[in-house]
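J.: Sequence order for the protein chains is A and B.
Under the working numbering, the first sequence has 116 at position 81, and the numbering climbs by one with no breaks.
Under the working numbering, the second sequence has 1073 at position 115, and the numbering climbs by one with no breaks.
It is worth saying that the hints were derived from the structure and are not from the lab.
One should not assume that every hint holds.
[Stated by the list, open to error] Okay, the calculated beta carbon distance ranges per label pair: (1) B/Thr1039 <-> A/Arg47: 56 to 64 angstroms; (2) A/Phe83 <-> B/Gly1019: 45 to 53 angstroms; (3) B/Asp967 <-> A/Tyr158: 55 to 63 angstroms; (4) A/Tyr158 <-> B/Gly1027: 15 to 23 angstroms; (5) B/Ser1022 <-> A/Ile72: 45 to 53 angstroms; (6) B/Leu1018 <-> A/Ala49: 34 to 42 angstroms; (7) B/Ser1082 <-> A/Ala144: 34 to 42 angstroms; (8) B/Gly1019 <-> A/Leu146: 33 to 41 angstroms.
[What the hints assert, rightly or not] Computed footprint of chain A on chain B; a stretch qualifies when at least three of its residues, placed anywhere within it, have a C-beta under 8 angstroms from a C-beta of chain A: (9) 997-1009; (10) 1030-1036; (11) 1056-1062; (12) 1076-1089.
[To be verified] Non-contacting residues of chain A with respect to chain B, defined by C-beta distances greater than 10 angstroms in every case (computed): (13) Val68; (14) Leu70; (15) Thr109; (16) Ala121; (17) Gly145; (18) Thr163.
C-beta atoms are modelled at their ideal positions from N, C-alpha and C, and glycine is treated no differently.
Chain by chain, the residues run as shown.
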Amino acid sequence: MATIETRPEGSRKARARSAAAGRSWIATTLTGVALLILLGVHMVANHFVVESVGGLRSYRQVLDYIRHPVILATESVFLLVVTVHAMLGVRGVMLDLDPSPRARRWIDAGLIAFGVLTLAYGYFLIGTLASRA
Amino acid sequence: MSERPPGADAREERGPVLRKGVGIPASGWIDPRGRALGGFAFSANRVTGLGLVFYLYLHLGVLSLLLGGERSWNDFIRLATSWAFLSLDVLLILGILYHGLNGIRVALVGSGIVADRQRALWWSLGAVGTIALIAATLHIIGSR
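Take the sequences, apply the hints, and build the full model.
T.: See the structure below:
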């Protein structure tokens, strides 16, 4: 009986792409798990245990909060993790559109650049506020 | 003469690839109509994820007001404690809870820990999320 090859043996490139997709899934999952903890801490600390109108810290309370070294470190890690998770998520959505390998490289480079800019601005913001505390 | 399988001629034709068979087209998540629970959950996860990315940059923008000093931040607090703004906070909490809890489900199912319980997980985590959303909403309303 004649057969038709519906799932040809993967080329080296296809295997590399599959491995990259696996690594991306693992990275998204790990950052997602970390976010559950970090976002929980961030939300509770900033909006649920603050004695203030609307659950928002006043200017002075924000500076007092960010002055604490543990909080500063936690918020810095939170910014890193949320940015990586967001960029991986956007990458996943864009790769759903089945771009060409060339477009895929542009997407990766663009998201890395965008993520680095986000981190740079976020750390500038955190650093400036911490220096005022 | 060898017999050609059904569809062999169509496969050799040039043109767009017509997807067929189990599953949905990779780019088809945007329209979950007529799909099973998993399709809806995936679609909602994508939508809430994109919404949260948008919010991340909105949040960074809002926090930039802190650079303007106490007056600029206090002006924002007056706006942020309006009913309209607090309603958007509830929407934000809904997005965070859905994306986070569905993420737990996807991680548990995808890693094979509870591969055959995804429907039960969806409903049980949905119940947890609903309770958390009600509690958060009451807190937000009470904080005003």
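J.: What hint numbers does the structure not satisfy?
T.: As far as the earlier hints go, 2, 5, 8, 12, 13, 14, 16 and 18 are violated by this structure, in ascending order.
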